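**Student:** Spelled out, the chains give:
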Amino acid sequence: MKLFVKIFLWFLAAIALMVGVTMFVTRTFQTEPLMGRFQRSTRNQMQIYGGTATQIVGAEGDAGLRIYLNRLRDVDPPREVALVGADGKVYLGGGGDIADISDLVSRTLVSGAAEADFSSDERSLGAAPVTFPDGRQFVLVLQWDRQAPQGLFWGSTLGYLRLAGMLLTGLVLCYLLALYLTSPIRKLRVAAQKLADGDLQTRVATSVGRRRDELADLARDFDVMAERIESLVTSQQRLNRDISHELRSPLARLNVALEIAKQKSGAETQPILDRIETESTRLNEMISRLLILAKLESGSEEIEPVRIDLADLVRDIASDADFEAKAKGKSVEVSSAADCTVIGSENLLRSAIENVLRNAVRYAAEDTKVDVSLTAGNGHAVLRVLDHGGGVPEEELANLFRPFYRIGEARERKTGGIGLGLAIAERAIHAHKGTITAKNNGDGLTVEITLRRAESPVVKPT
Amino acid sequence: MDKILIIDDDEELCELVSEYLGVEGFAVESVNDGEAGLKRALSGDYDMAILDVMLPKMNGFDVLRNLREESNLPVIMLTARGDDMERIVGLEIGADDYLPKPFNPRELTARLRAILRRAAPADENGDGSEKIDVDGIEISSASRIAKSDGVELNLTSVEFGLLHELLKEAGKIVKKEDLSESVLERKLSPYDRSLDMHISNLRKKLGARLDGSERIKTIRSVGYIYTVV
Numbered sequence: 001m002k003l004f005v006k007i008f009l010w011f012l013a014a015i016a017l018m019v020g021v022t023m024f025v026t027r028t029f030q031t032e033p034l035m036g037r038f039q040r041s042t043r044n045q046m047q048i049y050g051g052t053a054t055q056i057v058g059a060e061g062d063a064g065l066r067i068y069l070n071r072l073r074d075v076d077p078p079r080e081v082a083l084v085g086a087d088g089k090v091y092l093g094g095g096g097d098i099a100d101i102s103d104l105v106s107r108t109l110v111s112g113a114a115e116a117d118f119s120s121d122e123r124s125l126g127a128a129p130v131t132f133p134d135g136r137q138f139v140l141v142l143q144w145d146r147q148a149p150q151g152l153f154w155g156s157t158l159g160y161l162r163l164a165g166m167l168l169t170g171l172v173l174c175y176l177l178a179l180y181l182t183s184p185i186r187k188l189r190v191a192a193q194k195l196a197d198g199d200l201q202t203r204v205a206t207s208v209g210r211r212r213d214e215l216a217d218l219a220r221d222f223d224v225m226a227e228r229i230e231s232l233v234t235s236q237q238r239l240n241r242d243i244s245h246e247l248r249s250p251l252a253r254l255n256v257a258l259e260i261a262k263q264k265s266g267a268e269t270q271p272i273l274d275r276i277e278t279e280s281t282r283l284n285e286m287i288s289r290l291l292i293l294a295k296l297e298s299g300s301e302e303i304e305p306v307r308i309d310l311a312d313l314v315r316d317i318a319s320d321a322d323f324e325a326k327a328k329g330k331s332v333e334v335s336s337a338a339d340c341t342v343i344g345s346e347n348l349l350r351s352a353i354e355n356v357l358r359n360a361v362r363y364a365a366e367d368t369k370v371d372v373s374l375t376a377g378n379g380h381a382v383l384r385v386l387d388h389g390g391g392v393p394e395e396e397l398a399n400l401f402r403p404f405y406r407i408g409e410a411r412e413r414k415t416g417g418i419g420l421g422l423a424i425a426e427r428a429i430h431a432h433k434g435t436i437t438a439k440n441n442g443d444g445l446t447v448e449i450t451l452r453r454a455e456s457p458v459v460k461p462t
Numbered sequence: 001m002d003k004i005l006i007i008d009d010d011e012e013l014c015e016l017v018s019e020y021l022g023v024e025g026f027a028v029e030s031v032n033d034g035e036a037g038l039k040r041a042l043s044g045d046y047d048m049a050i051l052d053v054m055l056p057k058m059n060g061f062d063v064l065r066n067l068r069e070e071s072n073l074p075v076i077m078l079t080a081r082g083d084d085m086e087r088i089v090g091l092e093i094g095a096d097d098y099l100p101k102p103f104n105p106r107e108l109t110a111r112l113r114a115i116l117r118r119a120a121p122a123d124e125n126g127d128g129s130e131k132i133d134v135d136g137i138e139i140s141s142a143s144r145i146a147k148s149d150g151v152e153l154n155l156t157s158v159e160f161g162l163l164h165e166l167l168k169e170a171g172k173i174v175k176k177e178d179l180s181e182s183v184l185e186r187k188l189s190p191y192d193r194s195l196d197m198h199i200s201n202l203r204k205k206l207g208a209r210l211d212g213s214e215r216i217k218t219i220r221s222v223g224y225i226y227t228v229v
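Those protein sequences? They're chains A and B, same order as listed. Sequence positions in the first sequence follow this note's numbering and run 1 to 462. Sequence positions in the second sequence follow this note's numbering and run 1 to 229.
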């Protein structure tokens, strides 16, 4: 799960839990006992009212009772008063808006003691039995605006409002907090990815803003690390390039000196001089490829983007490779070449495909065919080069594209490779934001190059 | 004896090349910086120049650019191996050929000879007075001058040779192998793209037809055709 979501949900859960605990504690240790006390005192009060009413009606009759009831009603704030008979009919009072009290009345008659009802939000009711001198039973009912303590969140509009307000505030704050914590992390991650993709100039501290916390420290440390990596890599690349450059001068002189030696020497030294020439050519080839590699890695090779008809290019290179392969009793065949156009440097793509193809030809067993197929996928062009050359051990596949990586040294020497072709191909394909992978296909190796297709096809010159 | 001028800052290499080419029958002199090189190349004493790209005082491209303003002296450029840009720029400015450095001296000799042969007046073998005129492009193999609608085109000897071969066979495909052998005087080797580059320079210099169509069309992996309207 995303860190953002995690932080958000955890804080939200914490707030919800806090609300819950507060509710529980308030209810158990505050509202309930308070309510109990309140009910008890209300019932006591009612009991006194009921007793007094019974005395007054005994001593002074209905007129006295009416005066007493009026006195009970006219307090501040005023209360509703009613004297209800056992049959549920209102005997005295009850002029105002009095609620359905039949339940309370029957309860009071049954218990013979004062009762109270706080179930409504708006009003509370109290009831007490009154006995007339003739023995008839009545119930004195008082109704007043609610004053009993309420639940903190539950049971009233105010409570719900309070709850909603808290949750909403929590929601917004949690969101902001999660954002505040995770946005620099996300920025760091993007920067790390860019760095891994080879953009060594990636820095992150400025985009994290003016915060002064561990995350800002991390961003600064990241920048220090990136700085160090950049300087290491560039100095290594410069070294590679400089060495290769400097090696060329003595090599050029060596070539000429060798030729002069050939001019002047007799027949018996020719074979060994030829051998020296072969080695110098090999050295030469290696240096030039190292230079290409150094250039690709430093990104200084400028890609002048042009539209390239990939099928044409592949056929072109394949026919050259086929020519070369025929000399060794192998062949190269283009089994399919879908129409697709890519944008990039023709030189770089040519050298990438050429290196892959020549590599396949080099390792292909005699009398076998190297199969080249170009298919057009959705937005992608996929080039597969399939050889029957025994493949490579599974665990070595990922290393194939490393410069100078050798799988079975003896074999490589014999076939004359110098271990840079696939490295160059990989860098060139990456420069085009494409991918290159290798996998075993049973009795050989399949190299797959995926490139982004251009949107519209090449306009061919007529 | 053909006189060759080497402009390269590597003195030891110059000495060795002089010795080698001396045995092959050339008279060689060398200069080690761009400015002096340009001065000597303009003196008119030489049949050919070998020009390195990396030179002190004035780089090879500038030397060639200045030289081309006044002289058609054949030039072979020594470019950095693996650097396509140097090759392309060199050919565009007007080098007759290029050789990646470090080079094989035998290859250098072969190219020197090929270019010198092309640059020599053609009227010795009789058919030199040949003139071809195809839709506004006019070439004369005797004077080695090509004109487009009467305006002289500034072609290198290789470009002239290619145009000559293509115009002779206008409307037909000329194979790459044949062009390589007749113009560059070497067998076409796989992955060698210098023909393509010369042709693309030639195309630029000729320009497209008024309707926008290219005069020289590429038939991939086969050759080229000078289209006829």
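Treat the hints as calculated values from the structure; they're not laboratory data. In this text, all values refer to a predicted model and were calculated from it rather than measured experimentally. Here a beta-carbon is modelled for each residue, glycine too, at the ideal position from N, C-alpha and C. Certain hints may be false.
[Unchecked claim] Below 30 Å or equal to it, Euclidean Cα-Cα: the simulated DSSO-like pairs (lysine-lysine) are:
id, chain 1, residue 1, chain 2, residue 2
1, B, K187, A, K369
2, B, K176, A, K326
3, B, K217, B, K205
4, A, K369, A, K326
5, A, K326, B, K204
6, B, K172, A, K326
7, A, K264, B, K175
8, A, K369, B, K3
9, B, K187, A, K328
[To be verified] Partial chain A-side listing against chain B, Cβ under 10 Å, derived:
id, residue
10, P133
11, P250
12, A252
13, R350
**Student:** Are the Cα atoms of K217 (chain B) and K205 (chain B) separated by 30 Å or less?
**Tutor:** Judged against 30 Å, a Cα distance of about 14 Å means the pair holds.
**Student:** When you check the alpha-carbon spacing of K176 (chain B) and K326 (chain A), does it fall within 30 Å?
**Tutor:** 19 Å, holds
**Student:** Can the restraint linking K264 (chain A) and K175 (chain B) be considered satisfied, given a maximum Cα separation of 30 Å?
**Tutor:** Judged against 30 Å, a Cα distance of about 39 Å means the pair is violated.
**Student:** Is the interface hint for A252 (chain A) satisfied, with its Cβ closer than 10 Å to some Cβ of chain B?
**Tutor:** 4 Å, holds
**Student:** Does the alpha-carbon distance linking K326 (chain A) and K204 (chain B) stay inside the 30 Å limit?
**Tutor:** Violated, because 36 Å separates the two Cα atoms, which is more than 30 Å.
**Student:** Decide if the proposed pair is consistent with the structure: K369 (chain A) and K3 (chain B), CA atoms, cutoff 30 Å inclusive.
**Tutor:** 51 Å, violated
**Student:** Given the hint that K187 (chain B) pairs with K328 (chain A), test it: the Cα-Cα distance must not exceed 30 Å.
**Tutor:** Distance of about 19 Å is within 30 Å: holds.
**Student:** Just to be careful: measuring from the Cβ of P250 (chain A) to every Cβ in chain B, is the smallest value less than 10 Å?
**Tutor:** 9 Å, holds
**Student:** Given the hinted pair K172 (chain B) and K326 (chain A), is their alpha-carbon gap at most 30 Å?
**Tutor:** 28 Å, holds
**Student:** Between K369 (chain A) and K326 (chain A), is the straight-line Cα distance small enough, at 30 Å or below?
**Tutor:** With a Cα-Cα distance of about 10 Å, the restraint between K369 (chain A) and K326 (chain A) holds, given a limit of 30 Å.
**Student:** Using the nearest Cβ pair, does R350 (chain A) come within less than 10 Å of chain B?
**Tutor:** 8 Å, holds
**Student:** Using the nearest Cβ pair, does P133 (chain A) come within less than 10 Å of chain B?
**Tutor:** With a closest approach of 125 Å, the P133 (chain A) hint is violated.
In summary, the structure is inconsistent with hints 5, 7, 8 and 10 from the numbered list given earlier, while agreeing with the others.
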